[in-house]
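Participant: Let the sequences and hints guide you as you build the complete structure.
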Amino acid sequence: MLYVVLFFLAFSLLLYILLAGADFGAGIIELFSSKQNRTVTKKTVYRVIGPVWEANHIWIIIVVVILWVGFPNFYNIIVVYLHIPLTLILLGITLRGVAFVFRHYDAYKDKTQLLYDWMFRVSSLVTPIFLGITFSGLISGDIIITDNLESTNFYEAYINPWLNVFSLSIGCFFTGICAFLASIMLIGEADTNERKVYVKKARIATITVITLGFIVLCIGYFEERVFISNFIKNPYSLTLIGFSALIIFPLLRSIKNQSRIKTRTLAGIQVVLILLAACVSLFPDLIITSNGSISILNTVATKEVIKTLGIALIIGGAIILPGLFHLLKSFKMIKLLER
Amino acid sequence: MDNLDAARLQMAFTLIFHIVFACIGMVMPFFMVVAHKKWLNTKNPIYLTLTKSWQKGVAIFFVTGAVSGTALSFELGLLWPEFMKHAGPIIGMPFSLEGAAFFVEAIALGFYLYGWKKLPEKFHWFTGVIVGIAGVASGILVVSANGWMNAPSGFDYINGEFTNIDPIKALLNPGWFTQALHMTLAAFTATGFAVAGIHAYQIYKKRRVELHTKAFKIAITFGAIAAILQPLSGDLSAKDIAKRQPVKLAAMEAHYHTTKGAPLYIGGIVDNEKKEVSYKIEIPKALSFLAFGDFDAEVKGLNDFPDDVKPKNIALVHYAFQTMVGLGTLLMLAGILFFISLKKKAWLQKKRYWLFFFLLAPLGFLALEAGWIVTEVGRQPWIIHNVMKTKDAVTPVPGIIYSFYMYVILYSLLTMAVTWLMLRQIKFLNNSEIN
Ligand code: HDD
Ligand code: HEM
Ligand code: HEM
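One line per chain: the protein sequences are A and B, in this order. Residue numbers 1 to 339, in the working numbering, belong to the letters of the first sequence in order. Residue numbers 1001 to 1435, in the working numbering, belong to the letters of the second sequence in order.
To be clear, the hints were calculated from the coordinates, so they are not data collected in a lab. All figures in this text were calculated on a predicted structure; none of them were measured in a lab. Be aware that one or more of the hints could be misleading.
Below, a list of computed lysine-lysine pairs in the BS3-like style, where the Cα atoms sit at most 27 Å apart [stated by the list, open to error]:
id: 1; chain 1: B; residue 1: K1118; chain 2: A; residue 2: K43
id: 2; chain 1: A; residue 1: K262; chain 2: A; residue 2: K43
id: 3; chain 1: B; residue 1: K1118; chain 2: A; residue 2: K42
id: 4; chain 1: B; residue 1: K1217; chain 2: B; residue 2: K1205
id: 5; chain 1: A; residue 1: K42; chain 2: B; residue 2: K1117
id: 6; chain 1: A; residue 1: K42; chain 2: B; residue 2: K1052
Here are the in silico distance ranges between beta carbons for each label pair [said to hold, decoys possible]:
id: 7; chain 1: B; residue 1: L1413; chain 2: A; residue 2: F222; range: 40 to 48 Å
id: 8; chain 1: B; residue 1: L1413; chain 2: A; residue 2: Y46; range: 17 to 25 Å
id: 9; chain 1: B; residue 1: E1210; chain 2: A; residue 2: K35; range: 39 to 47 Å
id: 10; chain 1: A; residue 1: L321; chain 2: B; residue 2: F1428; range: 36 to 44 Å
id: 11; chain 1: A; residue 1: L321; chain 2: B; residue 2: P1120; range: 20 to 28 Å
id: 12; chain 1: B; residue 1: L1040; chain 2: A; residue 2: L321; range: 24 to 32 Å
id: 13; chain 1: B; residue 1: L1009; chain 2: A; residue 2: K35; range: 41 to 49 Å
id: 14; chain 1: A; residue 1: S259; chain 2: B; residue 2: S1153; range: 55 to 63 Å
id: 15; chain 1: B; residue 1: I1133; chain 2: A; residue 2: R38; range: 35 to 43 Å
By construction, the Cβ of each residue, glycine as well, lies at the ideal position given by its N, Cα and C atoms.
Facilitator: Structure follows, in structure tokens:
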């Protein structure tokens, strides 16, 4: 049952990254669009993510719930040592969510739209940076686990693990992935004459992500981060990254050809491969601290709890996944019919 | 202010904020589907206008509820890591089911909001019903988690270790039913009166009277029924508390001296130093009867509980309880008044009638917040009743006061923004022609 729970954990996290990532990315694309494209993008973004917006973001709640029920000690470390970036993520999620809804449901469309728009775009950029930073806080190797927190220096305990060049580079890398996912998604959704714009954006995004990924590796290597040195020594991780590198060329070609399904599939695989590579090199030691690693398998709740949680997840999944699938499909069908 | 107080303030503040939006997001869908149903049955376009307008309200409140809820689900860990470390595995069950309920709600809402003219009529309407049901289900589930904090069960607590965890038993803890019932009714009362009050004001101002009268009727019918049932369910809660949390009962009543045939106090000023209540109205033996169903039962007073197991702020608990019960009685009477007015059409022409309901608008929510203060402050110093103290659960991270300030600023701005949006919504509704 433990592995069922772990599967759901990974699955929810993956979906959060793919779906909410594309969702954040949409705001980033809007931010980096020229004035006349912005209005078009705003409309397209709304059409695409409007119906699924809520659902996309619930995945993070599922992740949190699984962690606190199934892996209480693991969760405990995150919420204590990464308190500050988590709070900033929440700030970002709040501002972004309300801006997105306000700008659509405000009864009058007047000057205030400008405020909502900027709030939405800026928080779309900042939130994933902090998501990336928080994740990298776990693996930066700077967390100092101690029972005597009162006597540790505030900066070293609560700031240094996440506020450093390495973490910042991972934050930017993750943000790049979001923009990449969004641009790929928008190619498929835009009308024929607008599609060109997104094709260009998708190409820029792809190149940016590759560059940022490379920068992360370099910084990690020169700063001798344990995560990176394990990563480049791990044959499986390297193979996976190798595959993802191979995909880049067909991906760029299919972006150019504007083929919808193929581009999306390839982009999805690309991101999954990168994440998988990171996971393979980490698992099960998902937290790297200044004095050793912490295996998620050592933080598991009791058998009974895992069993109940697993059953709950299976039942929940059986209800939710078909519903979600149906939602996506219905609006796809409707869009196709409208064309 | 020390870190513990800052964390408590932040928790209280964010919950007090969340509950308003959550309740509206939970109850408004019901108003919306009733209006929608009437549109389908009568094809009276006024109902369509109303449905669409309420739908925007639902969307706005849903998202504010959702983001503040997302913040809360992190906050439980961010502020009370020791609590979550132990309680997480035990009460995770309601929270995971709640996650599922949210999901169903969000999916159904996606169908509803975007399904106009695209989905088959009946199915479209039904997705709206699912939004409402899933919302109430998730509300009940969270409250069951809170019930567990008041009536912990489903584990053995030996030498500081939680063993033999049974999540199902924790979910169905002895507190869940009375609390969930009372809370669900409260949500309907509060939202019903609030929405009805807003429309009553528009009628009072003679703006689009036909539309607002229809809206008023739908909202107040839900509110009035719930308000009439509320005292009954409150009585069940009180009897429950008397059994399980006698300290809380004593604090609610500011009852200091153990007595047989204890009187019930109405009003009064609490003096916690002298341990007395002055300027109160006393109803002889009523407390014994309300708590135990026996006029001569003994009710244990605060003086007979050790200092480290009773809440510090007795006055707050007492005043909050008085507020809730007072407002509950008023709203119940108003509910009865509404049903009488259905027979006496002449009343509806009177401006006073509409002004009265307008003035009631905030009172349901006031009662609801007061009730939560009774429950939560009355549970202190425990975070898990008789098991874990709040001070042992708080985060070691210093400077929580700053994140408290951040939430105060953020949520104050949000409240203003949402209020402003609602005012614009009403203005738009009043200015729009039918269709
Ligand atoms: C519209 C709101 C509202 C109204 C009119 C009332 N209540 Fe209430 N009450 C609540 C809203 C509420 C609440 C906010 O929903 C609480 C907090 C926790 C809970 O489960 O419900 C609550 C808690 C609560 C508790 C404590 C339960 C606990 O700690 O577990 C008691 C004893 C009562 N109520 C009793 C009453 C009585 C006797 C009322 C008579 C009129 C009444 N309430 C009206
Ligand atoms: C939404 C309605 C609720 C309101 C308005 C509310 C209000 C409050 C208040 C005023 C406090 C501070 C008490 C004090 O420290 O003196 C508090 C504390 C707390 N509440 Fe609630 N509460 C609500 C629901 C819940 C629910 C459903 C849960 C859990 C599932 C919960 C969990 C907590 C926790 C963990 C604390 C901090 C520990 C403590 O002070 O005991 N609350 N809440
Ligand atoms: C500590 C306590 C609480 C936590 C951790 C919490 C958590 C959450 C979360 C994560 C969401 C967002 C779900 C989404 O994305 O749709 C949410 C929304 C919601 N919450 Fe809470 N909640 C708490 C207290 C309460 C209480 C006391 C109630 C009511 C009885 C309540 C009722 C709701 C409802 C109905 C929603 C759906 C949103 C809407 O319809 O507006 N919550 N909550």
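Participant: Run every hint past the structure and note whether it holds.
Facilitator: Now for the hints, and whether the structure bears them out:
no.: 1; hint: B:K1118 <-> A:K43; result: 19 Å, holds
no.: 2; hint: A:K262 <-> A:K43; result: 24 Å, holds
no.: 3; hint: B:K1118 <-> A:K42; result: 22 Å, holds
no.: 4; hint: B:K1217 <-> B:K1205; result: 17 Å, holds
no.: 5; hint: A:K42 <-> B:K1117; result: 23 Å, holds
no.: 6; hint: A:K42 <-> B:K1052; result: 23 Å, holds
no.: 7; hint: B:L1413 <-> A:F222: 40 to 48 Å; result: 43 Å, holds
no.: 8; hint: B:L1413 <-> A:Y46: 17 to 25 Å; result: 24 Å, holds
no.: 9; hint: B:E1210 <-> A:K35: 39 to 47 Å; result: 44 Å, holds
no.: 10; hint: A:L321 <-> B:F1428: 36 to 44 Å; result: 38 Å, holds
no.: 11; hint: A:L321 <-> B:P1120: 20 to 28 Å; result: 23 Å, holds
no.: 12; hint: B:L1040 <-> A:L321: 24 to 32 Å; result: 30 Å, holds
no.: 13; hint: B:L1009 <-> A:K35: 41 to 49 Å; result: 44 Å, holds
no.: 14; hint: A:S259 <-> B:S1153: 55 to 63 Å; result: 58 Å, holds
no.: 15; hint: B:I1133 <-> A:R38: 35 to 43 Å; result: 39 Å, holds
The structure agrees with every numbered hint stated previously.
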